[in-house]
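S.K.: Since the structure of chain A is provided, determine the placement of chain B on it from the hints.
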Amino acid sequence: MRRISWFNATSLTLGFAFLYLPMIILIIYSFNESKLVTVWAGFSTKWYGTLMSNQAFLDAALVTAKVALASSSIATVLGTMAALVLVRAGRFYGRTLFSGMIYAPLVMPEVITGLSLLLLFIGIGLDRGVFTIILAHTTFTMCFVSVVVSSRLVTFDRSLEEAALDLGCSPFDAFRLVTLPIIAPAVISGWLLAFTLSLDDLVIASFTAGPSSTTLPIKIWSAVRLGVSPEINALSTIMIGIVAAAVIAASLMTKRASLRQQADERAAVRA
Amino acid sequence: MRRLALIALPYAWLLALFLVPFLIVFKISLSDIATAIPPYTPTLDFRAGWQGIKDFFSELDFENFAFLATDSLYWKAYVSSLTIAFISTILTLLVGYPIAYGMASAPDHWRPTLMMLVILPFWTSFLIRVYSWMGILSTEGYLNQLLLGLGLISTPLTILNTPTAVYIGIVYTYLPFMILPIYSALERMDGSLLEAAEDLGCSRLTAFWLITVPLSKTGIIAGCFLVFIPVIGEFVIPSLLGGSQTLMIGKVLWEEFFNNRDWPVASAVAVVLLLILIVPIVLFQMNEQKSREAEQ
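The listed protein sequences correspond, in order, to chains A and B. Going by this note's numbering, the first sequence opens with residue 142, and the numbers climb by one from there. Going by this note's numbering, the second sequence opens with residue 1272, and the numbers climb by one from there.
This is chain A alone, in the form it adopts within the complex (with noise of 0.2 Å):
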């Protein structure tokens, strides 16, 4: 076994300490009696107390799930389509215009996507709010599912599929008794992603958003453009910790199931 360099270990140290202290510092914080937020003035919950009994927080969060929930399951079905078009349907008229609408979200500034998409509402008569944010979520994130589900596509398989409907299989049926399983990782990591990325989004949530449908993000902002505020580092450490259990119960769940693939391979191997 190679055994790590001091150079290696140093450059390691330091760089996770650089993307860790700040979100460890943020936590320790928000546990901080003082008002004053970086004078230490001993351990206290009181600013989870605060932020629980804050009613605009509290109804920006119900807002944000929502939009996110939604938005990230009607991106999951457009984006796995879409992938499915960029991968199978081969030639057919428009398609670098589709993938053109596909590739150039991900990299698009945000004022310009928020932008382009408050002045469509307006120019339709539409008025804003939830409804309105989970249209803009929606075409953002599909196009991020989209790209995490081609590149699964890429590598399956076809024979699999044709096996299905050579042995009587309808097309639908076949993708969802064939296809859809095998895909399922990617489909899943999509619908994550773009859950995440509809519940972080401040930019294009703001342009969107009416004056009834505040979302946790804009809800952040105003607070944060003020100043660091205790409350603020409470609600930080609690999303933090929801994020990181998501992110380690996840990598768990597909470490555990790549070994169960392992030792079903070795079994088919045996008999």
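Calculated directly from the structure, the hints in this document are not laboratory data. Careful: at least some of the hints might be erroneous.
To give a feel for the contact side, a few chain A residues facing chain B, derived at Cβ under 7 Å [claimed, not checked]:
#1 L153
#2 G266
#3 L267
#4 S363
#5 V365
#6 V384
#7 V388
Facing chain A, from chain B, some residues (calculated, C-beta under 8 Å) [stated by the list, open to error]:
#8 F1289
#9 T1395
#10 L1476
#11 A1478
Label-pair restraints from in silico Cβ distances [stated by the list, open to error]:
#12 S1474(B) <-> F316(A): 55 to 61 Å
#13 D268(A) <-> V1553(B): 35 to 41 Å
#14 D200(A) <-> L1419(B): 50 to 56 Å
#15 L203(A) <-> R1274(B): 46 to 52 Å
Built from N, CA and C at the ideal position, the CB exists for glycine as well.
M.R.: Frame of chain A, contents of chain B only:
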């Protein structure tokens, strides 16, 4: 028939909610500001028939673009966005490469954990990660407390609301985008090439320059574009960390729209920004194409 439905649904969605909005932005960038709802003129009136359409087109002009070219605020903002994006890309590369290199040379059983540690911040809210630096960099912040406590400085440093804070924020939030492509290029590298070079009398540093760097070139290029392109239009980082000193075009567009309520000028700013971005986006696609071909 089924194929047609499969293509038509996502296609129609993207046309209606991606392409058409851009055409609207382009159209409004040719209009004039007005005190009306919506706050620009002309608006297309189909009821006036052919004459209405003709009037509509005759009133569109490139006045807003001429305005952008003459008012120094705008071109300064474009130049400063490009400069900040360029410098911060180099800084992110300098910070990210050693980390990616360290990951690629770590023992095999460490790698999944190291990967997860790089990806985890990427899933955490961007806004919160930028915000976490406000408490560190402010005048009475943790960094100044530490440096004063150690006796390294006698008066607190002003870092927050300066370009330095923006560079720190960009390097911090975009680091995973730089590390991951470089790591995946380095991971594929054949270690015996380095041994061969050393056997043939190369020093370790020369071997690094002659073998490791060229072989990770596609990863470096991909990482640089993944940082450079989105940073040009960045809004959150300059607004929270840059203060009024830092001029970036994403912030100018936002203020033009929300504070000045000048929709035609905001649209013109967006159109020009898009034109600037086309060059790096096309170069990035070409690099991706090349690396895909190299893999096959």
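S.K.: Tell me if the interface restraint on V388(A) is satisfied: Cβ within less than 7 Å of some Cβ in chain B.
M.R.: Where the cut-off is 7 Å and the nearest Cβ of chain B is about 5 Å from V388(A), the hint holds.
S.K.: Hint says 35 to 41 Å; check whether the CB-CB distance for D268(A) and V1553(B) agrees.
M.R.: Cβ of D268(A) to Cβ of V1553(B): about 38 Å, so the range 35 to 41 Å holds.
S.K.: May I ask you to test the interface hint for G266(A) with respect to chain B, counting a Cβ-Cβ separation under 7 Å as satisfied?
M.R.: The hint is violated - G266(A) has no Cβ within 7 Å of chain B, the shortest such distance being about 10 Å.
S.K.: If you check the beta carbons of L203(A) and R1274(B), does the distance land in 46 to 52 Å?
M.R.: violated, 40 Å
S.K.: For the restraint on L1476(B), tell me whether the closest CB of chain A is nearer than 8 Å.
M.R.: Hint on L1476(B): violated, closest Cβ of chain A at ~11 Å, above 8 Å.
S.K.: For the hint on V365(A), does the least C-beta distance to chain B fall short of 7 Å?
M.R.: Cβ of V365(A) sits 5 Å from chain B, so the hint holds.
S.K.: Is the interface hint satisfied for L267(A)? The criterion is a beta-carbon contact with chain B at less than 7 Å.
M.R.: violated, 11 Å
S.K.: Cβ-Cβ distance between S1474(B) and F316(A): within 55 to 61 Å?
M.R.: At 57 Å between Cβs, range holds.
S.K.: When the nearest CB of chain B is found for S363(A), is that gap smaller than 7 Å?
M.R.: Violated, because the Cβ-Cβ distance from S363(A) to chain B comes to roughly 11 Å (cut-off 7 Å).
S.K.: Against chain B, with CB atoms and a cut of 7 Å, does the hint on V384(A) hold up?
M.R.: holds, 5 Å
S.K.: Does the Cβ-Cβ separation between D200(A) and L1419(B) fall within 50 to 56 Å?
M.R.: violated, 41 Å
S.K.: With a cut-off of 8 Å on the beta carbons, see whether T1395(B) makes it to chain A.
M.R.: Since the shortest Cβ distance to chain A is 5 Å, the answer is holds.
Violated hints, in rising order: 2, 3, 4, 10, 11, 14, 15; the structure is consistent with all others.
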